[in-house]
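From first to last, the protein sequence lines are chains A and B.
With numbering that gives the first Met the number 0, letter number 277 in the first sequence gets 276, and the count goes up by one each step, no holes.
With numbering that gives the first Met the number 0, letter number 204 in the second sequence gets 203, and the count goes up by one each step, no holes.
A few of these clues could be false.
What the hints assert, rightly or not - Not everything, but these chain A residues come out facing chain B in the computed CB check (under 10 Å):
(1) Val-229
(2) Asp-258
(3) Asp-262
Stated by the list, open to error - Here are the simulated BS3-like cross-link-like pairs (lysine-lysine), alpha carbons at most 30 Å apart as the crow flies:
(4) B:Lys-110 to A:Lys-188
(5) B:Lys-133 to A:Lys-55
(6) A:Lys-55 to B:Lys-110
Quick caveat, the hints were computed from the structure, so don't treat them as lab data.
Just so it is clear, the structure is predicted and the values come from calculations on it, not from any experiment.
Beta carbons: idealized from backbone N, C-alpha and C, even for Gly.
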Amino acid sequence: MKNIDWKTYEAGKVWDELIDTENRPRPHGEQLAKLLAGMDADELASRQTAADLAIKEMGITFTVYSDETQGAIDRTWPFDIVPRIIAKNEWDTIEKGLKQRVLALNRFIDDLYHDQEIIKAGIVPQEIIASSSNFRPQCVGISPRFGIWAHICGSDLVRDRDGTVYVLEDNLRVPSGVSYMLENRLVTKRVFPELFEDYAPLPVDDYPSQLYDTLAALSPRDIEYPEMVVLTPGIYNSAYFEHSYLAQQMGCELVEGRDLYVDNDDCVYMRTVGGPARVDVIYRRVDDLFLDPEAFHPDSLLGVPGLLRAWKAGKVALANAPGAGVADDKVVYSYVPDIIEFYLGEKPVLPNVPTWRCMEPEALADTLANLENRVVKPANESGGYGMLVGSASTKKEREEFAKRLKQDPRNYIAQPVLGLSTVPTIVEKRMEPRHVDLRPFILSADQQQVTMGGLTRVALRQGSLVVNSSQGGGSKDTWIVPIDKE
Amino acid sequence: MLSRVAENIYWVGRYLERAENTARLLAANATLHLDLPRGITPAWEPLIAMAGTQDLFEAQHSDYSEPEVIRFMLGSEQNPSSILSSLRAARENARTIRDYMPREAWELINKHHLDAGERVEEGLSKRGRHEYLKRIILTTQTLNGMLAGTMNHDQGYHFLLLGRNIERADMTTRIIDVRTDGLLPLENSGLQAFETLQWVSLLRSLSAYQMYRRSMQARVRRGDVLLFLFQSADFPRSIRHNLCNIERSLKTLPNHESAIRILYQVKSRILSTPVEKMQCTPLHHFIDQVQIALDRVHDEISNAWFLPPH
Chain A
0 MKNIDWKTYE AGKVWDELID TENRPRPHGE QLAKLLAGMD ADELASRQTA
50 ADLAIKEMGI TFTVYSDETQ GAIDRTWPFD IVPRIIAKNE WDTIEKGLKQ
100 RVLALNRFID DLYHDQEIIK AGIVPQEIIA SSSNFRPQCV GISPRFGIWA
150 HICGSDLVRD RDGTVYVLED NLRVPSGVSY MLENRLVTKR VFPELFEDYA
200 PLPVDDYPSQ LYDTLAALSP RDIEYPEMVV LTPGIYNSAY FEHSYLAQQM
250 GCELVEGRDL YVDNDDCVYM RTVGGPARVD VIYRRVDDLF LDPEAFHPDS
300 LLGVPGLLRA WKAGKVALAN APGAGVADDK VVYSYVPDII EFYLGEKPVL
350 PNVPTWRCME PEALADTLAN LENRVVKPAN ESGGYGMLVG SASTKKEREE
400 FAKRLKQDPR NYIAQPVLGL STVPTIVEKR MEPRHVDLRP FILSADQQQV
450 TMGGLTRVAL RQGSLVVNSS QGGGSKDTWI VPIDKE
Chain B
0 MLSRVAENIY WVGRYLERAE NTARLLAANA TLHLDLPRGI TPAWEPLIAM
50 AGTQDLFEAQ HSDYSEPEVI RFMLGSEQNP SSILSSLRAA RENARTIRDY
100 MPREAWELIN KHHLDAGERV EEGLSKRGRH EYLKRIILTT QTLNGMLAGT
150 MNHDQGYHFL LLGRNIERAD MTTRIIDVRT DGLLPLENSG LQAFETLQWV
200 SLLRSLSAYQ MYRRSMQARV RRGDVLLFLF QSADFPRSIR HNLCNIERSL
250 KTLPNHESAI RILYQVKSRI LSTPVEKMQC TPLHHFIDQV QIALDRVHDE
300 ISNAWFLPPH
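Chain B with its partners taken away, still in its complex shape (with noise of 0.2 Å):
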């Protein structure tokens, strides 16, 4: 297949993750707005921090109120990393190869992108969000389980994997840096007793409190949450679930020797590191160090399989 279209394709995975990922977030944020106590709110500066989007919000904005950051990470043209400018992206790349994917999927990447631009300010109000988000993630479900059912399995197939499959342990890699530091004001406050319900929400944000509760068989710990999210084999959307999927797909390509050795790399750092015992300052800095190994994955890859730059 053409380097450009394998380029293309890739990007079309990872945006579309992007959008599913952030309206989970979203999503969960606003569940645990209503569950804490009255007069205590959730921060919402981290959502902003997570995207790496905190000067351009800066820039616009003079404080972090729930409506504006919402309206940034939703609905906001500004920013590149909002839903809305995610499916758009994800939208023009597929418009590049619209030749390649199988016409259903198409049609439906550019009705997600248009329905998600006009339901807009439906997303926006209270009583609508939860169903804007919803049907966000549910027709980029669909359209993942579309494009497994009807697309050839071939080498195009799994550059649509790697994207997805690269944004989402970068998405979940961010998730859980945001929701571990600074979401509560916990400190002398009073409200340790709400400190497993910060727990749910990180598990929530990533839909994984039911597959945590039925593999871990254990209360809601943070410990256990953070090995859970890190090393389990079988949660979808556990970092190292992710890596094995980027491995399988890896080794589906001719030329792969490079990507994979850096692959290895940091699955034996996943698997080897106590996550479950560290503190805050040390799991950031842990998580930091994964996001550059996956951004190295991704280097290695644009490296075999990309066109050239000019």
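Chain A extracted, bound-state conformation (with noise of 0.2 Å):
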């Protein structure tokens, strides 16, 4: 059988992270080439057939909502064996973009529902604010402790063409993946435990006690053990795999609405069976709008009637904190390079994907005329719903989103088409180039913590930039490698 060449590896014209324009491998990568040229194309299939079966066997899954099938399906999770390497000096660099930013974002969140001096200095305009779908007029005036909103943010990284890391776009609400990134690590090592012979990557599993230090940090009352809870909407959410995971990793409870009730005394208690048990902490994996049917949607099942009042009583901590999704606004992150320097007076360590923001009639107009060379996304949608790679549309999709662009210019920003990096990734026994992302975390309270690496999702379709899960993603294990000095 034949062994993988990296000789014939058809790069392609985008960046990949292990194999040169040359063919040959990337510094950081030369063991894991070697490793994987010296396997022959059976034993490196039989080794997916093996990760396939340890995630299914495992549980590892995500839930979609399927048309056919009316009703929520619990897929396994699509994993590639080969990892994704990133040198330890590149990483510190985007560690230390990654902290600024989110500090950055934090400040700007606390001054929206505060003084709002960025808007006085004319930095931000005031209708951004004013027409977001994620401000919340409900938090204003309230100061979380340490100031920090978005306790748990996970931005989204892409590299272009020249190698430059981008941040794509910031997830300041219920960002997700964690857990897959944590499992990633343990299935490559039952899978693959000799590539752990010739690398060391850094590991990744201090997660879960730093989220535990981060949320402990936020509790009202000064108790060595403060009542610290994972609350899900339950077993139908997409990332419900991921509650439960990280509940039992923290060894808390995981809690659904139901389980929870606020009392006279602004409260919040679980329904125990030894009784009413007060809670101090809730890790909300809820959106805003579901969190408290008495201040947001009424005939919401999700949730628990009350909980804002006990939020602002200052009786209950909520992670991420009802509001932070303000600055999850696509427009808004058009702002950021402007948000960090007059927040922090620095230069921003990690660029911004150049953007239009189509509510400018001049950005609108050139975005218009050329949608094919453009990425056009709505403001607040996640999960890469109702976005149009134009690259990879159809002249009739164009025309429609065209339509829907001119009704609600605000709605949208548009982006220059990146050529995102790829990774090689076993096909039918073959190594082909796919795009890749990659999801860090940064946790803020009383410190600021990055993930080491983050999550890779990889496109696994031919040319798809889309790496979602909900539409045919599937992820990689993300190693940080430090390299010796020679």
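Given two chains presented individually in distinct reference frames, assemble the corresponding complex, making use of the accompanying hints.
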């Protein structure tokens, strides 16, 4: 059976993370490329099968909704065994940039719900906030501990053709994926142990204890073991696996809305076998609008009546704080470099992708004229829904999208089509390049912490740039590898 | 612990036990089949009656043939108490509380359910059935051992035991019921000689044959068998033994008074009733009462500890 031959690997016109334009492995990937080249294709395929089986048996799943079956399906998590490697020195810069960015974003959110200095200074226009679907007037004047609103942030990074790493978006509401990052490492260790003989990727498994410390720092009661819970919408949520995983790893209860209630003393209690037990910190994985039927959607069954009241009274901490999503808006994203300069007086370490705000007439005209070469995204959607990838669209799709753009320009931004970098991926016993992104997670409370790497998502369909698991994406283990100075 | 979690783990215990007992019952019926003289087959209808699923079965089948009954009890998706449905329900309940149980246990429950589904055709074939059922029983036993050996023996564990023991007591009564009545066409058939086989089969359905022999040191007789299965203090599937286990678990939980009260009532009925002398009809009636009492214990557990309904 034939072995992998990197000479015939067609990296294409974009940046490949492992193999350079002359089909040589990059320095940090030499050992990996050599090891893979020493295996025949059948051997490699059998490793992949073993990984798929392990994932099925470990019950690593995500839930998708399907029109065909009229319901939710619990699907196993697609995983490719070839890891994505990033050199530690490059990672250090990325980590610094992420901390800077999330710190500035938290200052920004806090400012928006207080004096709005940044608007008074004329940096961010008032109407963006006024028209943001994620600005919560109920939160004005509230001061969460440490001034932090987004305690858990997942920022998506992509690498363009020339190797530059850009921030594509910041997820400040209920970002998911971190459990898959942790599980991917476990699976790789199970099925590909010999990889770890030549490499010592920095460990990722501190995350649950870092998350625990972050949440514990928020407790309104000064006690040694605050009662912390993970609030999930329930078993049919796409990220249910992650919710239960994190609760298990942190040793705290996984609760649903019906497990909790707010009493007359404004404290939150959970219903236990031994009677009510007070809750100090809620890591909520339920969207703002479903959190509390008294304050938001009156018909939500997922939430807890009175929860916002309890939070405002300082009797319980919510992570992330309600209203943090205002900075999730993709129009706000376009201002992040200015936001960093305004609050921190620093230049951004990590660049934004050049972004046209369609609310500005010139930008709209330019976008409409160049739709084929743009990615156009709605300001407040996540999961890759409702966007147009110009280069991969039909004329009809572009015409329809143009109509929507003209109707509601405030709700859209446009960006150039980036040449997302690729990583070799096993496709029918062959190595083929597939596009990837990277989602690191940033924790903020009394201090900041960044995951070692993050979740690499990969678009498994040839040529596809959409990495979301709901749309045919999979994932890879991500290694941060120290480079020996020789 | 959370009331909702207590409820889910209780049902994990019940569904796993239901799958295992159904597997034992089917295995014993298949063995009995082989022991009987040619031309005489054990009736399959009572097996369906035992689970209270006649209406469902008759809606889909015209007669009680062996392959149809086996398929229905083993692999039917429509039958909520088939082995496969029970394992699916156990897995779904475990999934809602997978943060609560040891990771290995969740993985085994998940695999147990996947395997049972993938190999179902094996279970339906005569040749593969024995192995299939044996695997169901063994995996469930492995799981019980794993949970006993790796999970904190805290309140959650006692809810698991409560579910398991209530289901086991209930299944034991159902199996006695179906095995003492209408299994063989005995009257005026010249088959009295085979009556012993019927009692051996009942014991086998509960994996009780060997322990009966050791404990009763008697040949297999109706009265002794009934006495053993209702009142043995030592045999882990006897009704009495299960009630004692339920009592022990209840006492570890707060606010157990009303549940214990009902339990004491049924326990004293079990110990004071001369089952060995009862004929078919009174015995059947008595078993009904025990089942109703077990339902009441369940209701009390639910009232005391589970989430109030919406």
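Right, here's what the structure says about each hint:
1. Satisfaction of the interface hint for Val-229 of chain A is found here, the shortest Cβ-Cβ separation to chain B being roughly 8 Å, below the 10 Å cut-off.
2. Here the hint on Asp-258 of chain A is kept, as its CB sits about 5 Å from the closest CB of chain B, short of 10 Å.
3. Residue-level restraint check for Asp-262 of chain A is violated (minimum Cβ-Cβ distance to chain B is 16 Å; threshold 10 Å).
4. Using a Cα cut-off of 30 Å, the hinted pair Lys-110 of chain B and Lys-188 of chain A holds, with the two alpha carbons roughly 20 Å apart.
5. Proposed proximity of Lys-133 of chain B and Lys-55 of chain A is supported: the alpha carbons are some 24 Å apart, at most 30 Å.
6. Under the criterion of a C-alpha separation no larger than 30 Å, the hint pairing Lys-55 of chain A with Lys-110 of chain B is consistent with the structure, at around 8 Å.
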